[in-house]
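Undergrad: Chains as they are written, first to last, in the UniProt record's numbering: chain W, 1 to 472; chain U, 1 to 472; chain B, 1 to 472; chain L, 1 to 472.
Not one of these hints is a red herring.
In this list, chains with the same sequence are indistinguishable; a pair is considered to hold if it fits within one copy or across any two.
Under the rule of at most 20 Å between Cα atoms (straight-line distance), these lysine to any residue pairs were calculated in the SDA-like manner:
hint: 1; residue 1: K66; residue 2: I321
hint: 2; residue 1: K404; residue 2: R362
hint: 3; residue 1: K238; residue 2: Q151
hint: 4; residue 1: K66; residue 2: Y320
Please keep in mind that the hints were generated in silico from the structure rather than gathered at the bench.
Protein chains: 4
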Amino acid sequence: MSYEVRSLNEECGVFGVWGHPDASRVTYFGLHSLQHRGQEGAGIVANDQGKLNGHRDLGLLSEVFKEDSLLAALKGQAAIGHVRYATAGNGSVDNIQPFLFKFYDGAVGLAHNGNLTNAKSLRTSLEKDGAIFHSNSDTEILMHLIRKSKQPTFIERLKESLCQVKGGFAYLLLTETAMIAALDPNAFRPLALGQMKNGAYVIASETCALEVSGATFIRDVGPGEVIIIDDSGYRVEKYTEDTQYAICSMEFIYFARPDSNIAGVNVHTARKKMGKLLAEESPVEADMVVGVPNSSLSAASGYAEASGIPYEMGLVKNQYIARTFIQPTQELREQGVRMKLSAVRGVVEGKRVIMVDDSIVRGTTSKRIVQLLKEAGAKEVHVRIASPPLKYPCFYGIDIQTRKELVAANHSIEEIRELITADSLSFLSEQGLIDAIGLNYDAPYSGLCMAYFNGDFPTPLYDYESTYLASL
Amino acid sequence: MSYEVRSLNEECGVFGVWGHPDASRVTYFGLHSLQHRGQEGAGIVANDQGKLNGHRDLGLLSEVFKEDSLLAALKGQAAIGHVRYATAGNGSVDNIQPFLFKFYDGAVGLAHNGNLTNAKSLRTSLEKDGAIFHSNSDTEILMHLIRKSKQPTFIERLKESLCQVKGGFAYLLLTETAMIAALDPNAFRPLALGQMKNGAYVIASETCALEVSGATFIRDVGPGEVIIIDDSGYRVEKYTEDTQYAICSMEFIYFARPDSNIAGVNVHTARKKMGKLLAEESPVEADMVVGVPNSSLSAASGYAEASGIPYEMGLVKNQYIARTFIQPTQELREQGVRMKLSAVRGVVEGKRVIMVDDSIVRGTTSKRIVQLLKEAGAKEVHVRIASPPLKYPCFYGIDIQTRKELVAANHSIEEIRELITADSLSFLSEQGLIDAIGLNYDAPYSGLCMAYFNGDFPTPLYDYESTYLASL
Amino acid sequence: MSYEVRSLNEECGVFGVWGHPDASRVTYFGLHSLQHRGQEGAGIVANDQGKLNGHRDLGLLSEVFKEDSLLAALKGQAAIGHVRYATAGNGSVDNIQPFLFKFYDGAVGLAHNGNLTNAKSLRTSLEKDGAIFHSNSDTEILMHLIRKSKQPTFIERLKESLCQVKGGFAYLLLTETAMIAALDPNAFRPLALGQMKNGAYVIASETCALEVSGATFIRDVGPGEVIIIDDSGYRVEKYTEDTQYAICSMEFIYFARPDSNIAGVNVHTARKKMGKLLAEESPVEADMVVGVPNSSLSAASGYAEASGIPYEMGLVKNQYIARTFIQPTQELREQGVRMKLSAVRGVVEGKRVIMVDDSIVRGTTSKRIVQLLKEAGAKEVHVRIASPPLKYPCFYGIDIQTRKELVAANHSIEEIRELITADSLSFLSEQGLIDAIGLNYDAPYSGLCMAYFNGDFPTPLYDYESTYLASL
Amino acid sequence: MSYEVRSLNEECGVFGVWGHPDASRVTYFGLHSLQHRGQEGAGIVANDQGKLNGHRDLGLLSEVFKEDSLLAALKGQAAIGHVRYATAGNGSVDNIQPFLFKFYDGAVGLAHNGNLTNAKSLRTSLEKDGAIFHSNSDTEILMHLIRKSKQPTFIERLKESLCQVKGGFAYLLLTETAMIAALDPNAFRPLALGQMKNGAYVIASETCALEVSGATFIRDVGPGEVIIIDDSGYRVEKYTEDTQYAICSMEFIYFARPDSNIAGVNVHTARKKMGKLLAEESPVEADMVVGVPNSSLSAASGYAEASGIPYEMGLVKNQYIARTFIQPTQELREQGVRMKLSAVRGVVEGKRVIMVDDSIVRGTTSKRIVQLLKEAGAKEVHVRIASPPLKYPCFYGIDIQTRKELVAANHSIEEIRELITADSLSFLSEQGLIDAIGLNYDAPYSGLCMAYFNGDFPTPLYDYESTYLASL
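Throw the hints in and build the complete structure from the sequences for me.
TA: Written as structure tokens, this is what we have:
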């Protein structure tokens, strides 16, 4: 499924490097491999012998750094970067990260992936105390807390501040003398440490960015950990002992790139296994298995392998970005949909098709794809979803904060089947998902956050509590 | 394989519609599905009650028509459009099509996919006679011939002119009263006719564009045919009887979209069969089959199915366009390569991999991919190419006009294997390719042009003859 | 009067240099000083050791060559450039000059200032003979004629062609071996030859461009002359002996820059004298003389000097270009006018003002300025126009081709006075204008074209004859 | 003199309107007339029924609001705007105003013209207390002070804060319920209040902006005053009684538009009188008076009138913005200078010229202009400067903060004459300047700040004290 047609949006990717003479270029490459995590804007802050400079703007990374001179100007041996998720609304460059703060006594770059559950309370309280915020983003809060802290060192001020913010967060900071990564106490968001051949250290939201930058994986950042990297190497500290693994299961299902590993598990392999278990749980007689490109191809090949039914390319995604203006007629709007995804008549005509997708959010996209297949002549379309029904919102960094838009929160599976005009519909079971990913942490669901599926939130919801309860 | 990293360039795609109130929007959708055939520039000419207007520019279609107003300005019930192939050099907007010619006695829009083999002779001869050309493109030649012709009607002037141009060509013309498609006597390039629900006729380089515009396939344009579409319907005429099918085999192997049909054969299906026959011809023991995304995925799945070896996602292509500036160091250049294509360590580490690709041009890309796989831990990499070795240039519309750059023209298969550092290397046989595509025309190679592989050119080479012979 | 608010548009400026190592930069500087002659687009063609390259685009010169790299790419020791006049309509880059023609036997750059009176006939005749035009501009015609000519040398083909085109024209051509300037038989448009310190020759529409490029004036190009410049120096030839001076009087009145000399007469000095004679012809009692900036400041200071009435800055022109969107209300539209020109309350309040302007076209601008002055408190506004009433269109290069829009063609002076709400109104007499400029050629009106004022066109009107006669 | 060639930079212009249905459009018009006060960037914040929205960017106003949609989006009946001065350096959009601050309890827009002398101390002290700044601008400081204040109302918090900032400042604030203007205790910077026909109130840096928006002048904002405008009208309050007029004399000499009035004095009239007194103080025999366009034209016409020597247009300024790339040779650099300003050979050749300019900063520009005149044939060039020698820096809003660059701080008049290669050189006396402007306040120098000329700073210099003293 492509990010254009649905509303499940990741909240960003971060990348940083310490100890490389072309740090901002390495960061550019790393960010490019994380572009799927955010398309609204991008930025890089570099450390040139203690002086911090940055550039950020709205748009894809290749647009933000359209001219090489912009990148060349970001000299220095350390840099952090950020890609920000796409929103429908009118984005402002003020929200694009990394933020670069300059003080009389130093400068700090700050990038953030995640969502705080007590952001509103903290912001109001800080503003009452005279603080001025310059963006809508909850990322600034951490810097205000750090500047308010009376602890003696920057690291201690940071740790004190990390104990005050709640929710899901992966922070990456660049100071004049160090690069620092920090993860929330549940490890909701992925964050990995690696090392390049020349000894430089790399921090990235996904391991695919380590591969791209030629770095070797060292370890994942753990829950409640702070990793400080400077010219003397890296050291791991904890800002809290009150931790418990609850890794976002949607990273495995949909967000992360298939070539990334999270908690030691390869994402493609996990998805393929989701497809295999789905085939075992919900078999159906058919002529072919068709995956919805691109995110469902792994699951579809797993389904095909387990079922023995041949895998075919019955849907083709246009690799070029489509600009879809508001179209005056329904006919043109339908053609607009086909610009992005086409059914292959020569493959599906007259056939019984198993269409494998990774998830269903509102159901509108699934309905369109089923219809594309049927218009192209498919005799039957059996929809198999390689994850359980999405019934609950997320407050830790995924852009679904209301149950209203979730079709599975309001309809039975049979109702959904009817809505999307499929001949049959099945979802992977919760246990199937847990087994397919195969984590082994001593925590509920083996260390996964399954809240989207069962509402079992691993933390209090703070500022979201009341509206969430009202929505049930 | 992606167009960014190799030099096999298609020379354009054309699309036109007659009889639709939003003709230019339909053309925009159609062209978008042909964007893979050309990324250098795009344009549309529309017919607004006999008045022709156009817009064209350098860049992807979505960049050329960045503002909806540009499209909205192209009113009318008929339109033709064009996407032009990407070149390394400094393109000029003067070469972007469709060309729009305005005369005291009418206007004509002209778009062209192909390459003329007698362009240089015709141009010199026309210039000696006072003609002035305004582009480097050989497309203008047809219009000069038409204007010089003394035949009584436009169609007759066109037919006379078509007999003078040689090589591979698919023309699409828009006049004040008609849309006209014409194909060379060998049908080198694909061109199809379809009809929308409202009765509008559509002409497109590939049938995928018919699907996108919601049109039903009527027929392929045949060799030596002219199809005239106007308000009274369509009629098929021939400008020559001296025809013989020699459809470009590279369209099946690499250029066309998998969801297109050419001469009634689905491209994905043909590719999958190439993979199957390749598996039969050149089996090898291994742990997995990996396709080079995106164009080799069909062949790879065919190889996997036929061999019984599991198909895995061992290579991931970044779906976002990479801007690769000139990088100061070798290390950064290598990271630049990985921006586009990554090997999946979690999948290939410690495994014996069969890497399936569609073709080898210079060998540099294959070498890089083999090395990516090995760096990611692959124990063995067996390269299987789903087409025969490319040994000869093309003069009918593909951008390879010298043998020097073709690695297979100058090296044995064993030498190539060594060059690309593969553990083994095999190509599909010529007969395997012909069988996989399965045409049935009463012509050499069942109606395919196999000249890249065996130098058997279906036509005289005219202006290219001497340099070609010298290159042997 | 500023070019933004009226419709008297010059048809371009040309500049060329032969023999300077940075020819395109010298041309850039020269064109910049001719920018007042055309704002729609600009271009430069340079000759790099016999190879011609060019760049052109819509917009001001500084926009067209926004990046220095565009200029740096135009290497070579010779170059020609062009600025094109602003039109209200949607301009196309196809019309921006210099045109660069490439033939199998050479290349030619061509720039043109003027208007042909037999363009339509020539174009139709050429098209009937197979010629294809690529712009709406009449400039292309000359190149078609040259290519059709059977004369043995380029210069002879050019001369033959110059005898076929009629009207007002100043051509500048760049070939692989020479730069050539040519002027119409009436010398309607100005064109001057100069020489730089390093020996390089310069051709420019106005002498101000010679000054800017540090060149010394040698001579004006005369009527019916061709000047050929190459590495051996320059030589002057004639293509016709049937010549008679009829220099455009509007160049002196309005178009040319005050620091230019035309036919040896400084434009500022001529304008100041127009003001002086106007003061003598039409005195009036008042407190101050106010010129309409910028083109009327010379005439106003002449009026002040001759009348002894102090010259004051009662009107201020905003030096920044104003973007005036379509304004929703009348009030906002009026503010839009004031954005460009303001009356100075502190100067004019309670005073009797003599407002000096160079000309009146439609009368709407004059009316607005009178009202601005009255709203700012002026007690009386006496309008004095430093040229005779504009009653006839121009067919030699000025963008007024219908009498309908000319207020003086349809109203008496008293009617105009009432229309523009002035307290009194006078125009300079025709003889006053002739005396102020003070040419001394043996030709009607001492060598000026006075057709705007009296309809005495120095040449047949050819294609315009019938519509002109119908308009009388 | 044009802003391109010298380093006297005004620090901005402000404009605001309360009570007009198209407030942002009125602000756009008003700002356009203040564009001469700042070209680096521009912005507008509008109040749409209590909701504040803004747009700002680098570039001229017409570039910042290139698309009408940007302006149309700023709905509401009140708006404030700002133009920011041009710097050589790499500007950041973060410094472009108005700043728009959003708090849990409201929003505030803030624009500022001036310079604080205790900015550094205040900022450090605020940062020590936890404040985070987001720009380099000293404008943010006021907002931090307001938010820290414990006063009960916004106006009282503002007044308390205004007592803490020192130096020259004109603030314009927009809240959800009011527009507020405030001026420093010396009235260094101009600021005026006016009223439109529909009753809307307008605040502007110069009265020319009142004229453009069709508003009638009500009063200047006085030293130490706060003017609060809301739906009930306007009221004037004072935040301090410790005030004394010291209006920036450079506003009269150079910065302000000639059609503006400051403290009731028309700027053109004051400049003309400077020229008259200069003629009386420093007469010289010559053939003509030439003003340096555009800012010296008033003074030059005054000089001409008083001396009886004719005023001529001996220098012409190109009205189009020149883009001067780094030029490879000295010759090209000189041509670059001539792009902006040309001497008129036809006027000055063989003549004795009195060149009147408003001021001399470094002397390099004067030298160039003298040389332009001599190269164009002027026999003698007598330079007359319509203000006293600039010897001291400014800390109240003009961008000269070191004496090193001021030629008159380090050289005698005779030395400067030699440097600029003039035949004679005189400056207006200090008393001449005071008399020409003719203020009548009960304060030193009749209410003018003359510190540039005599170092008599009307306030302590705070953070600048030590570096200033060291520079003497």
